[in-house]
Amino acid sequence: MNPVRIRIAVSLLVISLFLFLFCGGEKISSYLSFILLPFQFVPALIRALTNPAVIFIIGLISIFVVTLIFGRVYCSFLCPLGIFQDIFIALSNKIGWRRKHSFQKPRDLLRYSILGLIIITVALGSMSLVNIFDPYSIFGRIITQFVLPFFLWIYNVVVNGMKYFHVYLYSKDTVPVVMSALFINLSFLILIVTLSLRHGRLYCNSICPVGTLLGLISRLSFFKFAIDKTGCNACLNCVTVCKAGCIDTQNAVIDQSRCVGCFNCLDVCPQSVVSYCPAVKNREGETWSPARRGLIIGGVAAAGSALLMITSGIRNLLRPVHAAAAQPITPPGSISRDHFTQACSACHLCVSVCPTKVITPSFLDYGMSGLLQPLMNYPESFCEYECNLCGRVCPTGAILPLSMEEKQITQIGEVDLLKDKCVVYINHQNCGACVEVCPTKTITFVNRANILYPVVDNQYCIGCGACSKACPTDPKSIIVKPNAVHKKAVKSLTKDTPIQQKSAIPQDFPF
Amino acid sequence: MAQKQKTDRREFLKKGLSLGLAAGGAVILGKTDFLQAKETAKSQPDLVAVKNGEPDAMFKKAMSLMGGMGQFIKKGQTVAVKPNIGFPRKPEVGATTNPILIKAIIESCYQAGAKKVYVFDNVVTPTSGNAKNCYQLSGIEDAARSARGIIVPVDDFSYQEVTIPGAKTLKTADVHRLILDADVFINVPVLKHHSSTHLSIAMKNLMGIVKNRMKYHLIGLDQCIADFCLYKKPDLNIVDAYRVLMSDGPDGPRDAKDADVQLKKTLLMSRDIVAVDAAATKIFGKNPEDIGYIKIGHQQKTGNMNLNELKIVTYSM
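Chains as they are written, first to last, in my numbering: chain D, -12 to 498; chain Z, 1043 to 1359.
Treat the hints with care, as some may be off.
[Claimed, not checked] Restricting the straight-line Cα-Cα distance to at most 27 Å, the calculated cross-link-like pairs of lysine-lysine (DSS-like) are:
no. : chain 1 : residue 1 : chain 2 : residue 2
1   : D       : K344      : Z       : K1116
2   : D       : K408      : Z       : K1210
3   : Z       : K1158     : Z       : K1299
[To be verified] Negatives, chain D to chain Z, calculated, CB over 12 Å:
no. : residue
4   : L176
5   : N414
6   : S490
To be clear, the hints were calculated from the coordinates, so they are not data collected in a lab.
Remember, it's a predicted structure, so these values are computed and weren't measured experimentally.
Yeah, the Cβ is synthetic: ideal placement off N, Cα and C, and Gly gets one too.
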């Protein structure tokens, strides 16, 4: 079995599953998120630290164990952004943009400062830097903002075209565009595509915090790539195929901390002097000391971050004060705004799967500490009463899964009826758009002189925003005010057993 | 008794006069088939009401009393059937038109020689309400498909703005092209309670062929509903009063077992949208005078809400 073939097969399978995860619709998404996301490093780490669930802890441990045994194979086999880059690297090989890779010096200062900075900011209670650099979340945002809309656009164009042949299909809603978030995501898309086309896996080796952290661990890995100097004829074949640029033939050293485990070098060596085997024999010599240093740094960092992650008291104290007067509303299941902003890695999976597209990317709406994290986009859309999909797919536990019954009484906000804007109160004419769509009987009518005036009883309100969406006035006469901490609403009981399906065929026609 | 005779005589005079005019006009225009059509139309009722049957059987009976689908559809014509599919509800809730009725209507259209029969509604969106949910849950999608009806999910791109002559409030509206293009327009509302307009029947059902229905709410529901009928009156209105949602309308409860539904097993049919609404209002147990848009529709001469002035044929199965 050729390991490169296996890698290509596995990685293509993984990235297609990720595409299905983001674009596949309700059933596929909730199923795949359960299979794929416990084995993504950042989501699993956040979940394990904030809302531990067995499968995520298993996922996290297995990533560590696999890295300890095999090195950074995670980056080539499981990381969707890594595979995404590999596709572009293969493409640039094909079209001849860059056929040969070369050895690159490690950019230690850059990668360790990014990792260090991220650990510090997370400890201070801001997810912004994690969100910006986490490879899974970057991939998720690229899919959500560019790939999925492209698919939907094609689908809708086809649906529209079919009308001329008298075939009528359901079109699909697209994700609303938030220019600022789009700009960030586009910059990252361009950055990553250019880097991969020109410099192979430079992002993974110099910027990606997950790569850096796993690199520290892989220095200690059981299996290592090595070059047997004696048989090497310095053909440099291995160097030209090394996307990570980590093979130093002059010193016959392969930098384990940057090797992404793609097995390309094994494949091309004509003398078969590049080996991948238990590293016991290489234990002596200069590679040992940086490994120990790495372990110490990594251990301290991990322990420190874990400690600070669970001492939320300190974090709350140090957390930057939220900006903006109008606070965003967070999706049902996110417990509170603080819980949400401190656990969301902004992968935008919820944005992709939300059927009403009410969950929308934000830019600075949560302040500097919650860059790009999604929010409930009222009154552009509304939260579907009979849906709890966002909680079912969220990997980090920022939106926790709710049963349908729980979701239908989870109050994420309350409504405010603005009687100085409402047409019924101003013009004394019937409207009732809000009452028609309210799923919880929060809004009812009071009849005065045959005019039906809407009134609000917020104990039933779950803040779904249907009323606000339906309201015909501009600006809206009924708006949702956020609950910083979500509450429980009272379930409105239906009338005491109405006469059901009562037969009432008229005796005589009343005309 | 004297009263009765008087109306009869007046009616006779009126009909005779109009018949004479029509005949004269037809002869001048050379359209004798029109003359014949009018001859049969004379014996046709203004409104047919059938009760105590299943939706499809009542429809067939009512249609035969009305003179057959051939009255409305000529061979090769396209038909737009507009049920009420506004909410994602099962048929048992009574918030949407009965699918069995829709199926029977489509079959009857094809039997009369229709080329294509389209079925669609502009659903109320913020209520689990994408077209897919509503069409599927209401059973109308399956029913229409099984009768070769073409079910059309509406989108924002298929509307055309029209001006409404003589409208007081709703001067313009964006109307769906299927309505503008179809040769025959059959309106198939369900009779149900409505929180803001008391009742939703035939006139109210036409809100589902315009794009921005929320505009009605903003500038005055009753007047807008009545105004729209000045632009377009359906060729035929068939009111489904089989299961009648008596409260909690227009959407009704999500769960059918909570629905305050009465099995009235009634079906009404008329060319006159105001008359059919007035009759349905009485079936519901209310007075047409109290329903704002019916009253306005009568005043704007869209139709006649005084049922005692109409020729009504009733039938109990």
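- prompt: Is the Cβ of L176 (chain D) farther than 12 Å from every Cβ of chain Z?
  reply: Label holds. Min Cβ-Cβ 30 Å, cutoff 12 Å.
field: Pairwise hint evaluation, K1210 (chain Z) against K408 (chain D), where the allowed Cα distance is 27 Å at most
entry: holds (23 Å)
message: Does S490 (chain D) clear chain Z by more than 12 Å, comparing its Cβ with all Cβ atoms of that chain?
response: violated (5 Å)
message: Please verify that the nearest CB of chain Z lies beyond 12 Å from N414 (chain D)'s CB.
response: violated (8 Å)
message: Next pair to validate is K344 (chain D) with K1116 (chain Z); report whether the Cα-Cα distance is within 27 Å.
response: Violated, at about 45 Å.
query: Are the Cα positions of K1158 (chain Z) and K1299 (chain Z) separated by 27 Å at most?
result: violated (37 Å)
In this structure, the hints that do not hold are numbers 1, 3, 5 and 6, in rising order.
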